[in-house]
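Can you make the complete structure from the sequences, with help from the hints?
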Amino acid sequence: MNLLIKNGRVIDPSQNIDDVLDVIVENGLVKEIGKGLKAPSGAEIIDATGKYVVPGLIDMHVHLRDPGLEYKEDIISGTKAAVVGGFTSVCCMPNTKPTIDNKAIASYIINKAKTEGFCNVFPVGSITYGLSGERMSEMGELMESGCVGVSDDGKPVNNSELMMRALQYAAGIGIMVISHAEELELVGEGTMNEGYTSTELGLKGIPRVAEDIATARETLLAEYTGSPIHIAHVSTKGAVRIIREAKARGVKVTCETAPHYFTLTDDAVRGYNTNAKMNPPLREADDVAAIKEGLRDGTIDAIATDHAPHHLDEKDVEFNVALNGIIGLETSLPLSLKLVDDGVLTLNQLVAAMSCQPSKILSLNRGALTTGAIADITLIDPSVEWVVEADKLASKSKNSPFLGWTMKGAAVVTVVGGKVVHRR
Amino acid sequence: MAEFKHKHIIALRDLSKEDIELLISTAESMREINNRDIKKVPTLRGKTIINLFYEASTRTRTSFEIAGKRLSADTVNITTSSSSATKGETLSDTALNLLAMKPDIIVMRHSVSGSHYFLANKVNCSIINAGDGAHEHPSQGLLDMLTMKDRYGRLDGLKVAIVGDITHSRVARSNIQGLTKLGSSVFLAGPPTMLPPGVEKLGNVTVCSSMNEALQDADVVMMLRIQQERQGKTLMPNAREYSRYFGLNPNNIKLAKPNAIVMHPGPINRGVEMSSSTVDGEQSWILKQVENGVAVRMAMLYHVCGGEMGE
Numbered sequence: 009m010n011l012l013i014k015n016g017r018v019i020d021p022s023q024n025i026d027d028v029l030d031v032i033v034e035n036g037l038v039k040e041i042g043k044g045l046k047a048p049s050g051a052e053i054i055d056a057t058g059k060y061v062v063p064g065l066i067d068m069h070v071h072l073r074d075p076g077l078e079y080k081e082d083i084i085s086g087t088k089a090a091v092v093g094g095f096t097s098v099c100c101m102p103n104t105k106p107t108i109d110n111k112a113i114a115s116y117i118i119n120k121a122k123t124e125g126f127c128n129v130f131p132v133g134s135i136t137y138g139l140s141g142e143r144m145s146e147m148g149e150l151m152e153s154g155c156v157g158v159s160d161d162g163k164p165v166n167n168s169e170l171m172m173r174a175l176q177y178a179a180g181i182g183i184m185v186i187s188h189a190e191e192l193e194l195v196g197e198g199t200m201n202e203g204y205t206s207t208e209l210g211l212k213g214i215p216r217v218a219e220d221i222a223t224a225r226e227t228l229l230a231e232y233t234g235s236p237i238h239i240a241h242v243s244t245k246g247a248v249r250i251i252r253e254a255k256a257r258g259v260k261v262t263c264e265t266a267p268h269y270f271t272l273t274d275d276a277v278r279g280y281n282t283n284a285k286m287n288p289p290l291r292e293a294d295d296v297a298a299i300k301e302g303l304r305d306g307t308i309d310a311i312a313t314d315h316a317p318h319h320l321d322e323k324d325v326e327f328n329v330a331l332n333g334i335i336g337l338e339t340s341l342p343l344s345l346k347l348v349d350d351g352v353l354t355l356n357q358l359v360a361a362m363s364c365q366p367s368k369i370l371s372l373n374r375g376a377l378t379t380g381a382i383a384d385i386t387l388i389d390p391s392v393e394w395v396v397e398a399d400k401l402a403s404k405s406k407n408s409p410f411l412g413w414t415m416k417g418a419a420v421v422t423v424v425g426g427k428v429v430h431r432r
Numbered sequence: 031m032a033e034f035k036h037k038h039i040i041a042l043r044d045l046s047k048e049d050i051e052l053l054i055s056t057a058e059s060m061r062e063i064n065n066r067d068i069k070k071v072p073t074l075r076g077k078t079i080i081n082l083f084y085e086a087s088t089r090t091r092t093s094f095e096i097a098g099k100r101l102s103a104d105t106v107n108i109t110t111s112s113s114s115a116t117k118g119e120t121l122s123d124t125a126l127n128l129l130a131m132k133p134d135i136i137v138m139r140h141s142v143s144g145s146h147y148f149l150a151n152k153v154n155c156s157i158i159n160a161g162d163g164a165h166e167h168p169s170q171g172l173l174d175m176l177t178m179k180d181r182y183g184r185l186d187g188l189k190v191a192i193v194g195d196i197t198h199s200r201v202a203r204s205n206i207q208g209l210t211k212l213g214s215s216v217f218l219a220g221p222p223t224m225l226p227p228g229v230e231k232l233g234n235v236t237v238c239s240s241m242n243e244a245l246q247d248a249d250v251v252m253m254l255r256i257q258q259e260r261q262g263k264t265l266m267p268n269a270r271e272y273s274r275y276f277g278l279n280p281n282n283i284k285l286a287k288p289n290a291i292v293m294h295p296g297p298i299n300r301g302v303e304m305s306s307s308t309v310d311g312e313q314s315w316i317l318k319q320v321e322n323g324v325a326v327r328m329a330m331l332y333h334v335c336g337g338e339m340g341e
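Here the protein sequences line up with chains A and B, keeping their order. Residues 9 to 432 in the working numbering are what the first sequence spells out, letter by letter. Residues 31 to 341 in the working numbering are what the second sequence spells out, letter by letter.
These are computed hints drawn from the structure, not numbers from a lab. Owing to the predicted nature of the structure, the values given are computational and were not obtained by experimental measurement.
Listed below are the simulated SDA-like cross-link pairs for lysine to any residue, each with C-alpha atoms no more than 25 angstroms apart in a straight line:
hint, chain 1, residue 1, chain 2, residue 2
1, A, Lys212, B, Thr120
2, B, Lys35, B, Gly233
3, A, Lys212, B, Leu225
Computed from the model, here is a short list of chain B residues facing chain A with C-beta under 10 angstroms:
hint, residue
4, Ser141
5, Ser143
6, Leu149
Partner residues aside, some chain B positions facing chain A, computed with beta carbon under 7 angstroms:
hint, residue
7, Gly144
8, Arg203
9, Lys231
All C-beta atoms in this analysis are idealised placements derived from N, C-alpha and C, irrespective of residue type, glycine included.
Here it is as structure tokens:
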């Protein structure tokens with residue numbers, strides 16, 4: 009299927025393009041970008057007037073729950089939610105059952121995504137076997153099997169020596185280490201951010217310094233070893249500052265944040281709302297401001313959702329008992345577009361954070377509309393308004409703090425490898 | 031008479047000044063029943079109350095049970111050792127099963143803060159909180175306020191010192207919420223490891239740098255139970271050192287007003303947060319608190335049932 013995407017505002021930060029242009033897609037690749045292009049014979053013409061045409065969005069941090077926890081989500085439902093949300097690629101975390109710590113599981117995910125999924129799925133293997141934090145996974149084989157990074161996401165590698173060796177080893181074979189940065193002793197049995205709200209609600213708090221300390225350790229280990237590191241789901245003012253300073257020193261550190269960290273504060277927990285419970289927890293207004301500033305000044309490289317589906321039975325329980333995490337694939341784009349509406353980011357910066365940068369950090373060879381590039385393309389209507397309703401979400405799980413919110417902006421067409429996989 | 035519009039009593043944070051005053055004044059009138067030879071009125075005859083306790087309790091559970099019985103309600107006690115919780119049943123399922131037996135009120139104690147709100151969304155009977163995690167213990171807050179009112183005839187303008195582990199104390203939170211709504215000023219003291227962030231923003235609350243500062247000219251001194259299991263952990267060195275800096279004794283009690291009253295929600299660690307002489311001394315109103323507990327709980331049960339005195 010060939011395409012002519014006509015008259016859209018094409019934004020491709022990789023080539024510094026921001027202009028009303030046409031895009032021709034042939035045989036799954038971007039063939040040409042220009043003005044007044046003629047449709048190749050048999051091509052479908054998509055009128056993109058008033059729409060943004062951007063390199064396919066990439067969510068570098070999702071949980072697809074497949075294999076093992078398919079009652080929450082699977083590769084089919086998760087990738088469907090992805091393309092509805094405008095994502096053409098997702099990177100799935102290894103805390104599946106069994107863990108992505110071997111070739112068999114990585115291959116299973118890649119094959120299932122290719123045959124039954126809606127978008128590209130790039131697995132992230134584990135740093136340590138079974139996420140035990142005890143000995144390194146076979147990172148070389150994981151990389152050869154198609155893993156694009158390694159992470160023990162959900163928990164930190166507590167042992168600093170092991171983490172240092174993992175960074176050195178991973179750098180040697182060229183795979184990115186993604187850190188879940190938390191000092192577990194300080195997290196303790198905390199269930200939300202430690203602050204005024206936790207005091208009022210009588211819930212045990214997780215101090216922000218738990219994330220700051222771990223972020224500092226990771227940047228120091230990266231600095232000492234000269235190896236790259238990527239910090240997942242940055243949520244605190246302190247972590248942003250530490251990463252900014254490390255970058256200024258030349259440390260090879262990159263990081264991501266999630267839409268909920270620049271949209272919500274821990275006030276969202278009031279009423280003991282388990283859909284506002286995640287790890288790291290929602291923080292305070294000054295953290296939200298620092299996250300936005302970090303995105304604006306480039307300290308924060310990427311926006312990722314940490315899409316974490318959980319069954320209603322795991323959320324419709326007492327607050328302490330509820331599992332951590334929220335879904336995000338279908339709400340990420342409008343929440344992020346709001347940063348542009350609010351003047352925090354330029355559109356160019358937003359597309360970079362949601363496509364170019366994740367591709368670059370994990371060497372995905374995506375995130376660009378250059379001639380010959382794989383045709384992963386997202387068409388965005390920035391003005392359409394819609395309400396988040398549980399029964400209309402493509403994800404199997406409905407654990408979102410944004411249920412009932414009116415969103416502005418949506419992916420109207422999602423193209424993966426030249427094929428239209430979603431139309432709104 | 032003012033009207034009580036709440037179906038549930040989960041937190042004093044959710045109640046207005048008028049609601050709290052009404053509960054206290056009803057409790058004052060209930061007290062008369064407790065002094066009769068035949069301590070029973072038919073007010074809640076035919077009502078069923080389930081006391082669902084997921085945490086151990088002697089005082090509170092007994093007090094709620096007696097309160098229900100004095101109002102002629104049928105009361106059933108379920109404690110965690112005899113419940114389905116140990117069989118892995120969810121709170122939601124337990125509640126729905128109990129609800130199928132048509133109780134009018136569930137009085138619950140649970141270790142998870144906020145679990146009563148969760149429960150209230152699941153059931154159609156009234157929910158009364160007998161303590162949830164470190165959140166609130168409204169019946170304790172109310173009986174404490176009733177006790178202070180007994181002593182001073184008012185709550186407005188009182189200086190109340192609360193000393194101990196504020197972070198983990200639902201008693202402290204309910205007292206802070208209630209007292210500051212009724213015009214008292216609250217002074218907190220405890221090791222900084224036991225003072226939660228932003229607590230001074232909960233109302234007219236002052237965080238003191240020492241116990242002496244909190245005690246100075248206090249009308250009421252409320253000592254909190256120190257959890258023995260916290261000894262040797264990260265919050266304090268041990269009971270001995272805690273007692274040295276945050277224990278009430280015959281010397282530092284003199285900093286409070288001469289006729290100040292001393293309170294404690296119990297159970298007391300004698301020799302830790304209070305010396306025995308202060309527990310048993312003339313200024314101790316601790317047993318008065320327990321006595322008032324029954325009346326306060328009668329008032330709570332009565333008002334969530336619609337508040338019609340059938341006498």
